[in-house]
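Protein chains in written order, with our numbering: chain A, 60 to 221; chain B, 60 to 221.
No wet-lab data here; the hints were simulated from the structure. Fair warning: there could be bad hints in the mix.
It does not matter which identical chain is used: a pair holds within one copy or between any two.
Simulated crosslink set (SDA-like; lysine to any residue; CA at most 20 Å straight-line) [claimed, not checked]: (1) K187 - N213; (2) K128 - Q103; (3) K128 - V138; (4) K96 - I159; (5) K128 - E100; (6) K191 - I87; (7) K128 - A70; (8) K86 - L101; (9) K128 - L157; (10) K128 - N80; (11) K96 - P158; (12) K191 - S110; (13) K128 - P102; (14) K120 - D89; (15) K193 - L101; (16) K179 - I159; (17) K83 - R154; (18) K193 - R160; (19) K128 - T98; (20) K187 - I159; (21) K128 - L101; (22) K191 - H122; (23) K96 - N85; (24) K128 - A97; (25) K128 - T106.
Everything numeric in this text was worked out from a predicted model, so none of it was measured.
Here's the letter readout for the chains.
There are 2 protein chains.
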Amino acid sequence: MIVLGIDPGLARCGWAVIEQNARKDNKIIDFGCIETKATTELPQRLTALYSTLEEIINKYKPHVVSLEKQYLFMNNKSVLATSQARGVIVLVAARNNLPIREYNPKLVKMSVTGYGAADKQQIQRMVKILLKLKEIPTPDDIADAMAVGLCHLNSASLNLKL
Amino acid sequence: MIVLGIDPGLARCGWAVIEQNARKDNKIIDFGCIETKATTELPQRLTALYSTLEEIINKYKPHVVSLEKQYLFMNNKSVLATSQARGVIVLVAARNNLPIREYNPKLVKMSVTGYGAADKQQIQRMVKILLKLKEIPTPDDIADAMAVGLCHLNSASLNLKL
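One chain only, chain A, in its complex shape:
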């Protein structure tokens, strides 16, 4: 099972490809952050996001895309930009016949730290440990993408525990 975890954003969109083998070991395959500049026009930014994600999908052939659910209380200046990017992300997955799973942010935190209100640093440390990384990836968007990818891979066993 290969999952593509994505942390949606227009300026920075984190992504992580994680593979789980039959023994439920998780292995990071590749990761990165798609960045588009605020000085670039919105149509070109969204097109770049779509094309880059499609390349990643074609290269790694994930079975599923995992995203955090979006809530209006996540409101901030960038909510409109993030939502437009999110629409494009959901679209590129759907047009490539990939199922999309959405997880509550609390469940994502729970699944990597065991604590639903864990802070960013705690998540980053756990992602580093769980995926045997040499260091915490930067920018932060990548660790968030890894966390939501891991959340999907762990969700079956988590569902049993909750």
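Given the coordinates of chain A, assemble chain B onto it according to the supplied hints.
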């Protein structure tokens, strides 16, 4: 000059194709409302929106897409859904090499009614008159799409007046 005016939305996305001839007469070519059900999953709704708009673009070959600018004070329960739909709308235009023009909502009202704080009914009545329609189109999203399309067509002369 053919403009495709769009009023972005996930449940209902209004659209209008308007042609302006050399004498600056505006003529409605076609219009409609793309509706997707709340019971349908988001990926399928966004895919339907993308495909239907692409069909409209291929059929009428507009030169430009006209949209209202989106502001955070337009905040409401549907802002996340609308923004995701908006991302897909901007994308389908960009991937079909269509330029996108965005207009301030006040300018849209100004351009069809002469008054930047006009109400919905006033806009609907003026759109009906300006495009010589037999009746006000329903749902409301269509008149909004017509208004933003007209705004683009009128914007050159408006810019002179303002």
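These are the hints, each one checked on the structure:
1. K187 - N213: within (16 Å within a copy, 56 Å between copies)
2. K128 - Q103: Between copies, since 17 Å is at most 20 Å while 25 Å is not.
3. K128 - V138: Intra 13 Å, inter 14 Å, cutoff 20 Å: intra and inter.
4. K96 - I159: between (27 Å within a copy, 18 Å between copies)
5. K128 - E100: between (26 Å within a copy, 13 Å between copies)
6. K191 - I87: Within one copy only: 8 Å inside a chain, 61 Å across chains, cut-off 20 Å.
7. K128 - A70: both (19 Å within a copy, 19 Å between copies)
8. K86 - L101: neither (35 Å within a copy, 29 Å between copies)
9. K128 - L157: within (17 Å within a copy, 31 Å between copies)
10. K128 - N80: neither (26 Å within a copy, 47 Å between copies)
11. K96 - P158: between (29 Å within a copy, 19 Å between copies)
12. K191 - S110: The answer is neither: 29 Å in one copy and 42 Å across copies each exceed 20 Å.
13. K128 - P102: between (24 Å within a copy, 13 Å between copies)
14. K120 - D89: Answer is within: at 12 Å inside a copy they meet the 20 Å cutoff, but 40 Å across does not.
15. K193 - L101: For K193 and L101, neither the intra-copy (35 Å) nor the inter-copy (37 Å) Cα distance is at most 20 Å.
16. K179 - I159: For K179 and I159, neither the intra-copy (24 Å) nor the inter-copy (37 Å) Cα distance is at most 20 Å.
17. K83 - R154: neither (29 Å within a copy, 40 Å between copies)
18. K193 - R160: neither (28 Å within a copy, 46 Å between copies)
19. K128 - T98: between (28 Å within a copy, 17 Å between copies)
20. K187 - I159: neither (24 Å within a copy, 42 Å between copies)
21. K128 - L101: between (23 Å within a copy, 12 Å between copies)
22. K191 - H122: Result: close neither inside a copy nor across copies, 22 Å intra and 52 Å inter.
23. K96 - N85: So K96 and N85 fail the 20 Å test inside a copy (33 Å) and across (37 Å) alike.
24. K128 - A97: between (25 Å within a copy, 16 Å between copies)
25. K128 - T106: For K128 and T106, the Cα distance is within 20 Å only across copies (19 Å; inside one copy 23 Å).
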